[in-house]
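Asks: So the chains spell out like this:
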Amino acid sequence: MSTITKYQTASTAFVQEAEVFADLYGKSNPALTAIRKQAMAAFSSRGIPTMKHEEWKYVNLTSIAQTDYRTASPADSQKLSKSDAEQYRYAGQDAILCVIENGKLNVAASSMSDIPKGVRIGSIDDFSSDAAVMSHLFTHASFEDEAMVALNTMLCYSPIIIKVDAKVKCDTVIQLIFATVPGVDPLLIPARVLVVAEEQSEFTVVESFHTHGSGALTCNNIVSEVVVGKAARVHYAKVQVEGDEAQHINYHKVNMARDSYQHLTTLTLGGAIVRNNLNIRLDDEQVNAYLNGLYVLNQKQVIDNHTLVDHAMPNCYSNELYKGIIGDEAQGVFNGKIWVREDAQKTNAYQSNKNLLLSNQASMNTKPQLEIYADDVKCSHGATTGQLDDEALFYLRARGIGETAARSLLNHAFAADVIEQVENEKLRESLMQLLDVKLSALQIEA
Amino acid sequence: MLRIKNLQASVEGKKILNGLNLEVKPGEVHAIMGPNGSGKSTLASVLAGREEYEVEGGTVQFLGNDLLDMSPEDRARAGVFLAFQYPVEIPGVSNANFLKTAVNEVRKSRNLAPMDSKEFLQIMKEKMKLVEMDKAMTQRSVNEGFSGGEKKRNEIFQMAMLEPTLAILDETDSGLDIDALRIVSNGVNALRDGNRSFIVITHYQRLLDYIVPDFVHVLYKGRIVKSGTKELALELEEKGYDWIKEEVAVGA
Numbered sequence: 001m002s003t004i005t006k007y008q009t010a011s012t013a014f015v016q017e018a019e020v021f022a023d024l025y026g027k028s029n030p031a032l033t034a035i036r037k038q039a040m041a042a043f044s045s046r047g048i049p050t051m052k053h054e055e056w057k058y059v060n061l062t063s064i065a066q067t068d069y070r071t072a073s074p075a076d077s078q079k080l081s082k083s084d085a086e087q088y089r090y091a092g093q094d095a096i097l098c099v100i101e102n103g104k105l106n107v108a109a110s111s112m113s114d115i116p117k118g119v120r121i122g123s124i125d126d127f128s129s130d131a132a133v134m135s136h137l138f139t140h141a142s143f144e145d146e147a148m149v150a151l152n153t154m155l156c157y158s159p160i161i162i163k164v165d166a167k168v169k170c171d172t173v174i175q176l177i178f179a180t181v182p183g184v185d186p187l188l189i190p191a192r193v194l195v196v197a198e199e200q201s202e203f204t205v206v207e208s209f210h211t212h213g214s215g216a217l218t219c220n221n222i223v224s225e226v227v228v229g230k231a232a233r234v235h236y237a238k239v240q241v242e243g244d245e246a247q248h249i250n251y252h253k254v255n256m257a258r259d260s261y262q263h264l265t266t267l268t269l270g271g272a273i274v275r276n277n278l279n280i281r282l283d284d285e286q287v288n289a290y291l292n293g294l295y296v297l298n299q300k301q302v303i304d305n306h307t308l309v310d311h312a313m314p315n316c317y318s319n320e321l322y323k324g325i326i327g328d329e330a331q332g333v334f335n336g337k338i339w340v341r342e343d344a345q346k347t348n349a350y351q352s353n354k355n356l357l358l359s360n361q362a363s364m365n366t367k368p369q370l371e372i373y374a375d376d377v378k379c380s381h382g383a384t385t386g387q388l389d390d391e392a393l394f395y396l397r398a399r400g401i402g403e404t405a406a407r408s409l410l411n412h413a414f415a416a417d418v419i420e421q422v423e424n425e426k427l428r429e430s431l432m433q434l435l436d437v438k439l440s441a442l443q444i445e446a
Numbered sequence: 001m002l003r004i005k006n007l008q009a010s011v012e013g014k015k016i017l018n019g020l021n022l023e024v025k026p027g028e029v030h031a032i033m034g035p036n037g038s039g040k041s042t043l044a045s046v047l048a049g050r051e052e053y054e055v056e057g058g059t060v061q062f063l064g065n066d067l068l069d070m071s072p073e074d075r076a077r078a079g080v081f082l083a084f085q086y087p088v089e090i091p092g093v094s095n096a097n098f099l100k101t102a103v104n105e106v107r108k109s110r111n112l113a114p115m116d117s118k119e120f121l122q123i124m125k126e127k128m129k130l131v132e133m134d135k136a137m138t139q140r141s142v143n144e145g146f147s148g149g150e151k152k153r154n155e156i157f158q159m160a161m162l163e164p165t166l167a168i169l170d171e172t173d174s175g176l177d178i179d180a181l182r183i184v185s186n187g188v189n190a191l192r193d194g195n196r197s198f199i200v201i202t203h204y205q206r207l208l209d210y211i212v213p214d215f216v217h218v219l220y221k222g223r224i225v226k227s228g229t230k231e232l233a234l235e236l237e238e239k240g241y242d243w244i245k246e247e248v249a250v251g252a
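Top line first, the protein sequences correspond to chains C and X.
Mapping of the first sequence onto our numbering: position 360 corresponds to residue 360, and the numbering continues sequentially without gaps.
Mapping of the second sequence onto our numbering: position 158 corresponds to residue 158, and the numbering continues sequentially without gaps.
Bound conformation, chain X alone (with noise of 0.2 Å):
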């Protein structure tokens, strides 16, 4: 599905990625983590489109385009979402009606015709369970005024109305208190269907608890370091990173 290869990439002249590599497999769930500045959100961030990151070198294909050659809403339309790790406030716009648009968007690049009002809410109502959120939340205005636990569920809520192929969730569990990284977490479950793929950007072990990941990665000066399974995970977060660094220096 996602096939990262040599990837680099900078950011304001600072070269931040370093030839990453990755592949996702449909429905697989892949962990990465690393320490501070590692470039972590730095990958997100490219493989959403954003563009303050110059891509230098390397290849990203999903489902076989070239995923860097596509506009961000594109890449969203074919099936790549971000989950913000910090969610814009947008004074004056509506969530329901901020997410009708981006719905119905994506499903004019399907060539599908436009949800009906009474369908979207429908829909809306039901993916709303998901993640605990009340009706209020969605007539106002996207992300204004909400909770840091408002705003993250919010993200996972939209994610399950776009249904994407490929979400990213980019240090999703920061700033989480345990009952809204258990909502979260609970509504990013739900939405695992074997085919959807997840890339699970986090500091913190704690949240592969919440989301099993079948491969954890760890990421250090821009490229993958080490990989493993969810055992990976316990490790580092009993023993820190400096291991890997060393292991790192050594092979260096």
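In isolation and in its complexed conformation, chain C is listed as follows (with noise of 0.2 Å):
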């Protein structure tokens, strides 16, 4: 029997491993064990969803339910130094990184003695006494409608939480390393963040994910929850760049509130299966919402992007863009859903989904939607995907380019604007160069 199925029928053994992550913390915060029970009650009556599943047509978590997987246990020990963890700073020497070792903070390879004032990074034991970041833990990614969330929520022992103070702009940029070192057996990690912007707070937060050395599979059950004060302002990129055995299930849950703003970018360029669960929630009025991705695709992965930008409210703004360039026999799924509910009046959404295959085995699944229950909105989606364009190609050559730096030429150009919009600028340079190296790999057929 495997891990996941173990889970699901709630077997003995199991069940006392996740009561035991549960009573952990359960001791100090009683609550907390309630919701992870809760959980443990909905995974186990949801289990793993199937490809006859509509918002899994695509990804087959099969593998994934039969892996025989150890789950990361506090109890590990971790194998990341400083100088491991330099190599994955992607937003200059002053970035502040924090290492999550298989799920745990692992502190002795993070950089965190340069804190702003106002700024406040750590795993749960050291918020365990604000009771205003607690209330938000586990609160806003639903485990009742997502089997995964319920995983993880049952699973995860050690939350990393940010809190920026309101008012505190925040000029160094705060690095989450998510280093997955694989085993001998194979690993479920099941991590969890919560950022807490308080009201006109202004910073710029990166999850990074790496696969450290190799081994055994691995996956990696990440949720993440930002919650945007009012008339805060949060920058966000996610860059998954692990090996090429990794499973990354991901989900992403944003609450914005009253005249705030967030930028979210992903760049999806490692892993072989890749799904983001991107929720964007717009809970009060006057809030702008950016949600860019781009993914870049060769062998046979697979990446599967479903988004949710939800209006609540009226008078916000929402603009997504994605991007995709997917070669050799890789796959990828592009599923935006925007829902402009009733009192959402006056909301302008907008969405755009463009790829390019590079080769005949190369695919792509768009499904773009719009559920409009408001009469007074401005929304717009399009989705596009294609090939190379042969004239711009011929265009080059004939000013003596050759045809392989015409085709990286051309590739990047049509990657590059999702990058460019990255505000930080040392960020945006790492990613355009992370970029560039993928694309220099990808298996290019003429």
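Treat the hints with care, as some may be off.
[Said to hold, decoys possible] To give an idea of the chain X side of the interface with chain C (calculated C-beta under 10 Å), a few residues:
1. Glu52
2. Leu68
3. Asp74
4. Ala76
5. Phe81
6. Glu105
7. Val106
8. Ser109
9. Leu130
10. Thr138
11. Arg140
12. Asn143
13. Gly145
[As the list claims (entries may be wrong)] Among the chain X residues that face chain C by a calculated CB cut under 10 Å, a handful are:
14. Tyr86
15. Pro91
16. Val103
17. Tyr210
18. Val212
I should point out that these hints are in silico values taken from the structure, not numbers from a laboratory.
We put the CB at the ideal spot given by N, CA and C, even for glycine.
Could you fit the two chains together into a complex? Lean on the hints.
Replies: Now the structure itself:
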């Protein structure tokens, strides 16, 4: 019996394991224990979604469901050092690096000595007496609807929390380095992030995902909850550069208060199977939400981006731009839903998904969905999937640019505008570099 | 410099060039005129190496090399330049970055070190004047949102930057108003240096008032059926192509 089935059937050993996690923090916070137990119940009734499930049509979780994972545990020893972590630094020398190794904060590998005033970063232990922060934990991403959120909620033992006080503008980028260190047995890593941006605060968070070393299969089961307070501005990037074998299921829930702004970029370059579930709720008026994504795939990579932009209130703006370059036998999925609720009059919501297929075996399934229940709104969506423009290619070659260079110039031009919107210059340059490395690795079929 | 012998080419199974002969010597300007569908643009495309065109026979020698055996980029590096009839828009690639890449690829093929940014900017500034182009145009994406005239000026600007040995202008005058025509022609004339050769493909004699050719050829049904000097262009302007067609019919 595999790990997941065991959790699902609530076999004694695994329920005990989950209860150990629950009790670990339960002593100081019985409310959390109660939530974890609800999540356990939700998971055991739902189980892992199969491909028959509409929202999981293209991503096969069977291999995840059938693998006999060991769940990362608080007792695991940690291997990463500071110098290991340095190679994953994306936003300049002064950036704060917070290393989360196999789901647990690795303080020794992190660089967190110069945290600006008004910013706090730590694990759940550091925040147990902060009732305001704790009230957000486990409450935004819904485990009732999503089995993988339920699994995360019952198993994550060490949520990482970032809190920025009201009116604090933090120029230092906070980078959360999620380093997966594969071991002898397949490893399931439930990691959790809570970001609380208080009123009028502004800062940048990067989540980067890496495979450090090699070994048995790994599966990241990540849930991030981002609470954007009144008139706060949050810049966020998710950088997925894991190894060829890595599996990655990600939930990202943002809740936006009045007059707030958030800009989220998801860059997916690595991993065997990556599923991103983004849920941005515009929960009050005058909110601006930007949601950008870029995926560049080769070999047999599978990426599935499911996004939901949830306009709950009037006078808000959202703009979503997703682009993909897909080579070899890779497979991309984009399912972007804009939901304009009845109260959300004067909504402006835009969405675009553009894809380049580089080979005959590459595929892309894109499904824009608009659900509009208000009558005075401006919404648009568009999706295109095509090949590199032969005319443009010939034009470049006719000027002396070799075919390979011409192709990579065009691929770069296609993808770069997603990254150009990243505000922090150092981060932008790092992401551009990661993009170019990946582009040069693409198997180009003439 | 360029010697085309009995060139035959087809596109999508349709034969367009039927045994074309042409010789261009260093410094010469050859105008190629002809009615619609006579094969003028096909000739330009075949010389530049467009892959949709299939060469079925004949030879093209450029500076002693077999041009037809070379990739489009190798032809460009060897000094062939095609000014496109319909320049392509390339969003996301700035004109300056595109040209710098092109110039350095050409230099690399000649074993020259890449041009540094300062030198490149200096030369770019100089050449921009030739076609009265402003700086903003070099920062914009290649041809994106350019007017018809701006696109053609950009072609001549690229030509000036790449300094080809042989330039083929494919209906560069089409769609240009008189001011743009003057600017484009001035740019071309400034690049005539006694060694650089030009093949100017056009429908209209008007262009040849500005770019004065040494020879004028009439292309009809994929062959050059008449050659002469610039006076031939004036005659064509006056009398149209029917008399040529009749001559050909009689000859056949």
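Asks: Does each hint fit the structure? Answer for all of them.
Replies: Against the structure, the hints come out as follows:
no.	hint	result
1	Glu52	holds (9 Å)
2	Leu68	violated (15 Å)
3	Asp74	holds (8 Å)
4	Ala76	holds (4 Å)
5	Phe81	holds (8 Å)
6	Glu105	holds (5 Å)
7	Val106	holds (4 Å)
8	Ser109	holds (7 Å)
9	Leu130	violated (17 Å)
10	Thr138	violated (15 Å)
11	Arg140	violated (13 Å)
12	Asn143	holds (9 Å)
13	Gly145	violated (15 Å)
14	Tyr86	holds (8 Å)
15	Pro91	holds (7 Å)
16	Val103	holds (8 Å)
17	Tyr210	violated (24 Å)
18	Val212	violated (26 Å)
Hint compliance for this structure: hints 2, 9, 10, 11, 13, 17, 18 are broken, all remaining hints hold.
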